[in-house]
Amino acid sequence: MNGGAMFYGAAIALIIGGIMIAATKRNLIKIIIGLNIMETGVNLLLITTGYISGGTAPIMNKTWTKVVDPIPQALVLTAIVIGVAVTAMALSIVVRIYEKNNSLDIRKIKEMRW
Amino acid sequence: MVNPILIIAISLFGAFFIALISPFVKRTGKIIAFLTIGFDLYIGASLALKSLRTPVIAYTAGFKPPFSINLVVEPFSAVFLLIVLTIGFLISLYYLAHPGEEPEDKFFTLLILNLMGASGIIMTGDLFNLFVFFEITAISSYALVSIRKQKASLEGGIKYLIISSIGSSLFLVAIALLYGQTGTLNIADIAAKLPFINKSVALVAFLLILVAFFVESEIFPFNGWAPDAYQGAGEGISALLAGVISKAGLYALIRLTFTLLDLPLRSKLLIVFGIMTFLIAELSALKQKRVKRMLAYSSIGQMGLVVAIFGIGTIPALKAAIFQGVNHAVSKVALFLLVGMVIKNLGIYKLDDYKGLGRKNPLLGLLFSLAILNLLGFPLFAGFWSKLSILLSTGKQGLYLLLSLILTGAIVEVYYYVRFMKILYERNEEASHLEIHLLEAIPIIAMAAFIIIIGVNPGLITPLFEKASEAIFMKFSYINLVIGG
Numbered sequence: 009m010n011g012g013a014m015f016y017g018a019a020i021a022l023i024i025g026g027i028m029i030a031a032t033k034r035n036l037i038k039i040i041i042g043l044n045i046m047e048t049g050v051n052l053l054l055i056t057t058g059y060i061s062g063g064t065a066p067i068m069n070k071t072w073t074k075v076v077d078p079i080p081q082a083l084v085l086t087a088i089v090i091g092v093a094v095t096a097m098a099l100s101i102v103v104r105i106y107e108k109n110n111s112l113d114i115r116k117i118k119e120m121r122w
Numbered sequence: 108m109v110n111p112i113l114i115i116a117i118s119l120f121g122a123f124f125i126a127l128i129s130p131f132v133k134r135t136g137k138i139i140a141f142l143t144i145g146f147d148l149y150i151g152a153s154l155a156l157k158s159l160r161t162p163v164i165a166y167t168a169g170f171k172p173p174f175s176i177n178l179v180v181e182p183f184s185a186v187f188l189l190i191v192l193t194i195g196f197l198i199s200l201y202y203l204a205h206p207g208e209e210p211e212d213k214f215f216t217l218l219i220l221n222l223m224g225a226s227g228i229i230m231t232g233d234l235f236n237l238f239v240f241f242e243i244t245a246i247s248s249y250a251l252v253s254i255r256k257q258k259a260s261l262e263g264g265i266k267y268l269i270i271s272s273i274g275s276s277l278f279l280v281a282i283a284l285l286y287g288q289t290g291t292l293n294i295a296d297i298a299a300k301l302p303f304i305n306k307s308v309a310l311v312a313f314l315l316i317l318v319a320f321f322v323e324s325e326i327f328p329f330n331g332w333a334p335d336a337y338q339g340a341g342e343g344i345s346a347l348l349a350g351v352i353s354k355a356g357l358y359a360l361i362r363l364t365f366t367l368l369d370l371p372l373r374s375k376l377l378i379v380f381g382i383m384t385f386l387i388a389e390l391s392a393l394k395q396k397r398v399k400r401m402l403a404y405s406s407i408g409q410m411g412l413v414v415a416i417f418g419i420g421t422i423p424a425l426k427a428a429i430f431q432g433v434n435h436a437v438s439k440v441a442l443f444l445l446v447g448m449v450i451k452n453l454g455i456y457k458l459d460d461y462k463g464l465g466r467k468n469p470l471l472g473l474l475f476s477l478a479i480l481n482l483l484g485f486p487l488f489a490g491f492w493s494k495l496s497i498l499l500s501t502g503k504q505g506l507y508l509l510l511s512l513i514l515t516g517a518i519v520e521v522y523y524y525v526r527f528m529k530i531l532y533e534r535n536e537e538a539s540h541l542e543i544h545l546l547e548a549i550p551i552i553a554m555a556a557f558i559i560i561i562g563v564n565p566g567l568i569t570p571l572f573e574k575a576s577e578a579i580f581m582k583f584s585y586i587n588l589v590i591g592g
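Order-wise, the sequence lines are chains R and W. All residue numbers for the first sequence refer to the working numbering, where the first residue is 9 and numbers rise by one. All residue numbers for the second sequence refer to the working numbering, where the first residue is 108 and numbers rise by one.
None of these hints come from the bench; they were simulated from the model. Virtual Cβ for every residue (Gly too), placed ideally from N, Cα, C. Treat the hints with care, since some could be wrong.
As the list claims (entries may be wrong) - With a straight-line Cα cutoff of 20 Å, these simulated EDC-like cross-link-like pairs (lysine to aspartate or glutamate) come out:
| no. | chain 1 | residue 1 | chain 2 | residue 2 |
| --- | --- | --- | --- | --- |
| 1 | W | K256 | R | D113 |
| 2 | W | K300 | R | D77 |
| 3 | W | K457 | W | E537 |
| 4 | W | K375 | R | D77 |
| 5 | R | K108 | W | E209 |
| 6 | W | K258 | R | D77 |
| 7 | R | K108 | W | E537 |
| 8 | W | K256 | R | E107 |
As the list claims (entries may be wrong) - A short, non-exhaustive set of chain R residues, derived as facing chain W with CB atoms under 7 Å:
| no. | residue |
| --- | --- |
| 9 | I41 |
| 10 | L43 |
| 11 | I45 |
| 12 | E47 |
| 13 | V50 |
| 14 | L53 |
| 15 | T57 |
| 16 | L83 |
| 17 | V94 |
| 18 | M97 |
| 19 | I101 |
| 20 | I105 |
| 21 | K108 |
Whole structure, please, built from the sequences with the hints as guidance.
Below, the structure written as structure tokens:
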């Protein structure tokens with residue numbers, strides 16, 4: 009089984025699934041969950057670009073032979089932090105929307121016209 | 108030596124200094140914001156001046172590019188840096204006399220961070236760093252848009268957040284693809300290695316980048332968030348969206364597409380999507396009843412026009428596009444700030460409520476008319492020269508269909524703006540008198556002065572645009588500049 013192709017496939021499936029959820033669901037919380045699924049997919053894709061099957065962590069010692077690329081991991085760490093910030097921001101806006109409208113359904117929020 | 112990193116460092120310091128002292132000393136946010144952004148502008152302006160002779164590159168971590176994150180200020184980014192910081196400075200000046208949104212200290216922290224992110228987008232030479240600054244700008248603008256906690260602002264904020272975070276995730280996918288192919292994150296280095304990578308992967312990456320920055324620069328069909336965000340946000344923030352956030356998105360769009368994308372495809376995509384945005388937005392502006400929403404659609408339309416002209420890609424066209432971008436930023440920011448003054452005094456939102464306001468308040472009417480006439484390209488204003496050069500550069504390339512579409516859109520634009528001016532100057536005994544605070548009016552008067560001075564003598568500023576368009580046109584000089592030296 010080719011590990012690389014599997015990881016790419018899973019990442020792309022997560023990204024597309026996340027976007028589909030964000031685009032089709034009517035509940036704001038579900039939309040945000042969709043965004044999070046998409047972010048997970050993107051992070052997996054980033055990690056996969058630097059992954060070598062059987063590679064170890066890039067820490068310098070005598071025994072290492074095959075190491076994975078450390079840069080995507082650093083990028084993903086940053087991306088995770090940003091993702092958490094966006095989610096927190098989104099949820100805090102959603103709390104306010106719920107206070108105003110008593111509903112999380114985007115159809116019920118009258119001024120929501122795309 | 109002036110170091111571009113200073114802009115980021117000072118902004119971060121200023122932003123968190125407000126948060127630090129706000130529990131002890133109330134209401135200092137606007138002053139600290141003004142000083143911080145003023146200092147940023149000083150650094151930015153001296154960098155821009157310097158970059159016209161020799162471009163400035165700053166490395167971090169002691170390695171030369173492509174092995175470290177670098178900040179590049181060359182003429183093209185210098186022009187955008189100047190636009191963003193000047194507009195930001197004028198907005199902070201406006202807020203000295205205008206009440207900020209509550210909670211005020213947090214509002215000004217966010218304002219500084221937003222400008223920091225926008226200048227970072229413009230200066231950085233690293234793709235992932237661009238993503239980080241992009242997110243800083245985006246997250247702070249979601250908060251700035253929805254800070255009013257009214258229905259409309261919350262709605263604008265959440266829409267902006269959903270669409271923009273999908274866009275930025277797609278940008279991250281593009282980064283992953285490009286990094287996987289080239290093994291580098293430096294924009295110039297990627298551009299240099301581009302001819303040797305898998306063509307279809309590169310194409311997918313470009314399309315994703317295009318979508319991501321179309322969202323931020325308000326290009327159809329990715330601009331569903333924009334009218335609501337403009338309408339819901341405070342007036343100063345609408346001005347920020349028009350003059351800073353969308354301009355930073357535009358810079359990133361042009362920088363990445365011009366450095367990374369092949370010419371024929373790029374032109375087609377930018378022209379088609381740009382002109383579509385222009386026409387649709389102008390037609391939507393026509394039927395708006397609320398002033399801010401009308402201005403929002405006009406803003407979207409102008410961004411579309413600028414992107415379409417950038418798409419033509421010849422040096423005169425690039426020059427025209429930059430000039431039009433500057434004019435749009437100046438006019439639209441002035442208009443939003445004026446609307447903010449009206450709303451603060453009278454609390455009116457509808458177009459019809461403006462009846463007779465200009466006749467009763469001569470200064471207000473004059474400033475409104477100047478900004479509008481500049482946007483329409485009335486002769487002897489700065490906007491005339493940019494509209495003229497747009498028409499000339501389009502005609503020169505033989506793009507007559509594009510030319511006629513631009514003219515159609517422009518006529519629609521003239522129609523609804525002239526209607527607005529007519530309402531302003533209609534006879535109405537009941538029109539109220541406005542208390543105009545001088546400090547509030549200074550930034551708008553400064554912009555009006557700019558419009559007139561450039562209108563009389565465009566030669567004062569066109570050499571700058573000339574250099575900028577040459578800098579973006581020659582992509583190899585950018586590559587050489589960053590990784591060759």
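Here is what the structure says about each hint:
no. : hint            : verdict
1   : W:K256 - R:D113 : 18 Å, holds
2   : W:K300 - R:D77  : 19 Å, holds
3   : W:K457 - W:E537 : 16 Å, holds
4   : W:K375 - R:D77  : 37 Å, violated
5   : R:K108 - W:E209 : 18 Å, holds
6   : W:K258 - R:D77  : 47 Å, violated
7   : R:K108 - W:E537 : 35 Å, violated
8   : W:K256 - R:E107 : 10 Å, holds
9   : I41             : 12 Å, violated
10  : L43             : 6 Å, holds
11  : I45             : 10 Å, violated
12  : E47             : 6 Å, holds
13  : V50             : 5 Å, holds
14  : L53             : 5 Å, holds
15  : T57             : 4 Å, holds
16  : L83             : 6 Å, holds
17  : V94             : 5 Å, holds
18  : M97             : 5 Å, holds
19  : I101            : 5 Å, holds
20  : I105            : 5 Å, holds
21  : K108            : 5 Å, holds
Checked against the numbered hints listed earlier, the structure breaks hints 4, 6, 7, 9, 11; every other hint is satisfied.
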